[in-house]
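Peer 1: Using the sequences and the hints given, assemble the complete structure.
Chains A and B are the protein sequences, given in the same order.
Just so you know, we're using my numbering here: the first sequence kicks off at 1 and counts up by one.
Just so you know, we're using my numbering here: the second sequence kicks off at 1001 and counts up by one.
No lab work stands behind these hints: they were computed from the structure.
There could be a bad hint or two in this list.
Here chain A is said to cover these stretches of chain B; the calculated rule only asks that three of the stretch's residues, wherever they fall, bring their Cβ under 8 Å from a Cβ of chain A [as the list claims (entries may be wrong)]:
| no. | region |
| --- | --- |
| 1 | 1302-1308 |
| 2 | 1328-1335 |
| 3 | 1359-1366 |
| 4 | 1389-1400 |
| 5 | 1404-1415 |
| 6 | 1419-1429 |
The structure presented is a predicted model; accordingly, all values stated were derived computationally and were not measured.
Using N, Cα and C, we set each Cβ at its ideal position, and we do this for glycine too.
There are 2 protein chains.
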Amino acid sequence: MKEYDVIVIGGSAAGVTAAITARKYYPNKSILMIKNVKSVPIPCGIPYIFGTVGDPMKNLLPTDTMMVSNKVDVVQDEVIKINRDFKLVMTKTNESYSYQKLVLANGSVPIIPSISGIQLQNVFPIVKDAEYLQMMLEATKRANDFVIVGGGFIGVEMAEELKKMRPEARVSVVEMQSHCLQLVYDSDFCAIAEKALAEQQINLMTNETVSAITGHDHVEKVLLASGKEIPADCVILGIGCVSNTALAHEAGLKIGPAKGILVNRHMQTADANIFACGDCADKVSFFDQKPSGLKLASIATQEARIAGANLFNLRRINSGAIGIFSTFIGKKTFAAAGLTEREAQGRGYQIVMGEAEAINRHPGGMPGAEGLKVRLIFEAGSKILLGGQIYGAASGGELINVVGALISQKTTAEDIVLFQAGTHPALTASPVAYQLVNAAENALVKMTF
Amino acid sequence: MKEYDVIVIGGSAAGVTAAITARKYYPNKSILMIKNVKSVPIPCGIPYIFGTVGDPMKNLLPTDTMMVSNKVDVVQDEVIKINRDFKLVMTKTNESYSYQKLVLANGSVPIIPSISGIQLQNVFPIVKDAEYLQMMLEATKRANDFVIVGGGFIGVEMAEELKKMRPEARVSVVEMQSHCLQLVYDSDFCAIAEKALAEQQINLMTNETVSAITGHDHVEKVLLASGKEIPADCVILGIGCVSNTALAHEAGLKIGPAKGILVNRHMQTADANIFACGDCADKVSFFDQKPSGLKLASIATQEARIAGANLFNLRRINSGAIGIFSTFIGKKTFAAAGLTEREAQGRGYQIVMGEAEAINRHPGGMPGAEGLKVRLIFEAGSKILLGGQIYGAASGGELINVVGALISQKTTAEDIVLFQAGTHPALTASPVAYQLVNAAENALVKMTF
Chain A
1 MKEYDVIVIG GSAAGVTAAI TARKYYPNKS ILMIKNVKSV PIPCGIPYIF GTVGDPMKNL
61 LPTDTMMVSN KVDVVQDEVI KINRDFKLVM TKTNESYSYQ KLVLANGSVP IIPSISGIQL
121 QNVFPIVKDA EYLQMMLEAT KRANDFVIVG GGFIGVEMAE ELKKMRPEAR VSVVEMQSHC
181 LQLVYDSDFC AIAEKALAEQ QINLMTNETV SAITGHDHVE KVLLASGKEI PADCVILGIG
241 CVSNTALAHE AGLKIGPAKG ILVNRHMQTA DANIFACGDC ADKVSFFDQK PSGLKLASIA
301 TQEARIAGAN LFNLRRINSG AIGIFSTFIG KKTFAAAGLT EREAQGRGYQ IVMGEAEAIN
361 RHPGGMPGAE GLKVRLIFEA GSKILLGGQI YGAASGGELI NVVGALISQK TTAEDIVLFQ
421 AGTHPALTAS PVAYQLVNAA ENALVKMTF
Chain B
1001 MKEYDVIVIG GSAAGVTAAI TARKYYPNKS ILMIKNVKSV PIPCGIPYIF GTVGDPMKNL
1061 LPTDTMMVSN KVDVVQDEVI KINRDFKLVM TKTNESYSYQ KLVLANGSVP IIPSISGIQL
1121 QNVFPIVKDA EYLQMMLEAT KRANDFVIVG GGFIGVEMAE ELKKMRPEAR VSVVEMQSHC
1181 LQLVYDSDFC AIAEKALAEQ QINLMTNETV SAITGHDHVE KVLLASGKEI PADCVILGIG
1241 CVSNTALAHE AGLKIGPAKG ILVNRHMQTA DANIFACGDC ADKVSFFDQK PSGLKLASIA
1301 TQEARIAGAN LFNLRRINSG AIGIFSTFIG KKTFAAAGLT EREAQGRGYQ IVMGEAEAIN
1361 RHPGGMPGAE GLKVRLIFEA GSKILLGGQI YGAASGGELI NVVGALISQK TTAEDIVLFQ
1421 AGTHPALTAS PVAYQLVNAA ENALVKMTF
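Peer 2: If you want it as structure tokens, here you go:
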């Protein structure tokens, strides 16, 4: 048996960040990371393996390198049991390791719907393992009729990338909601994304659910509840994931209302010596502290910074998941932070929205000039920012972080109007037209009269 | 005599924004803008007329169009006198207009050093008038030896643009400080900019001051205090500007310690019916409320939003100038917000800095991957963010606004570490490597031990 002060289970975004943070705050502690795959893919980069990057081995998180430079030991193995009484973990290869503090960062597992034909060959869930993705990539190179189940981020990004890799192939996306990306954007933003997909000859089928997959050995068709049939020689499942809680549950740790490992605001589980962070951990919303199903690498790393710093000395508190997203569809940024209009209303907020659109350069003749639209959503009484959505130029990928930062600080419309945004002809809109400030002003005027 | 509820003097960023804001908050008031030039250039776009945009008429603020759509009358004239007793302004063309509320947004005038030869032909201050800039552009097309006096933003940007327009011309920049851009960036950031200028064969001469300009009718040489001589057939003055206060001073309004029109935190001058905003108005620093010499369009528009909303009903308070800047040198972003290390120490703060550098994509094989470096400066006791600097990819132009937003909200390092920054492979660094959060963590660790 080997002894460590800290053991981190999981080598993806949360595990890596927890280990690095633990090293920063506890320089003299011995730390071990146990990861169950050889090469850890960058999770958000997985869709881009297929068209843009071209190789799963070019989309790896440099886990091992980062652990070496942070003096963290790494083993590739799988923890199969936690003995909380003796503070031990046992692995598949029959090793055991003792810990003082344990961090569960073992992520999530893809949702596999229990429909007929799901076990057929060439039906692929997204698994965060570079070797699996290599095999999946080879299969996609031979397929001609792709059906992607789920029109969330992964589904939409995969559709674009498959079209990029194989322009002659037919790509369909089956989405049960009335719009793709509907959990993240208001309908009008979704509609813009849908237009961009249509322009790429991606066949988005909304208000549709898959009832069965058929074929002999290999998938041949996808049947929809509406009665439609889609020819398919490759099916990709992008309908989300659930927290990986089996190990924790077996060790008697509590599971929370969002079906993750229950944690307190310090990221401690029911056992004060065991922390959980990332996709495996239960989450609450920043806004109302109610259960949140958000699973994002950005939230995972934030939770890992809390868990890693808190191991031997509670110093950080989690204020809950905001949800700050971005993607790039049809060469345009779609970004969102906090609550959408629908979500905010669903939670009972009375809201006021403001919008502004302008080019991201000044004057418009500057190279790279593109439109950029900002929508902000405020609680009408306090005038506090609850959410924002951005569509357009690539700089929206950081502008959404201005929105996110303002949400995190519970900023009011008044304060946003008075923000002295830095601007430059080659980089942003003009200060007169700066979208964020004008969107806040347009909302504030409505709240004033 | 024509009667108006509101008169705005000035048609650039501050005037336009004050008029639009007044229209939003006082929909039934009559508003007149008096501007003294036909075509108002976008101020920050002026350097880019010379190389990138190519024509001053393609760098115009759409003042007249915006005023029409906001139901604001516009006259081109020059106010030569304010009669505060009768609440009248009189113009060069002998018109007079009455006001209930007056907004002074008549900007700044370039500093013209009183040195021998300054009146020679082809010595150009930067004047915010498109017709003047047209004449200046024609002259630069015939010149071969440019000397730019002043290595601030305007000087450095002009140098690049002149080289872009006329690659065969010789371009020198004379800067009295030991680095270009020294008022905005720490020395190591300045050094990177200097390298980029050198790579473009721009001759930056630091620790040098101009003692005289010589020539017969036209400029022929620039003499430096060090004894050096530079051949010159075109000299451009980029040594800053002073508030345009003559009209206000003549009307008996007070002038403040930063040599602008003195205003209170509501942007009212010594006369409660007269407001001032933008370059003509005196400013205080956000950090210590001491006089601030900052003159930026972003601050001007912020002050205009305060002045315009406060005209008949005080509802907004100015918390002082933060100073959020960006520029683009050698195709790299140089951006800064708040205080530099030197400034912070000069004001007596005990500071701790943190830095992080990473590529702005994940994985690095994504298109557009470039480095992006962030430095954050915190007050050591409160751990509140005082400043930040960014170098690298174009997305830094909005990332500096995340820094600016966090400064404006007096955010601590702890809160920045826990920021759930939105990330995407095609748009930003990975959440593990996100520069802003890691820079804060690196500073926080130093403040913890």
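Peer 1: The structure should be examined with respect to each hint, and the outcome stated for every one.
Peer 2: A quick look at each hint next to the structure:
1. 1302-1308: n = 3 at 8 Å, threshold three: holds.
2. 1328-1335: holds (count 3)
3. 1359-1366: Coverage by chain A holds for the region 1359-1366 of chain B (4 residues, Cβ < 8 Å).
4. 1389-1400: Check passed, 7 qualifying residues.
5. 1404-1415: Per the Cβ count (8), the hint holds.
6. 1419-1429: holds (count 10)
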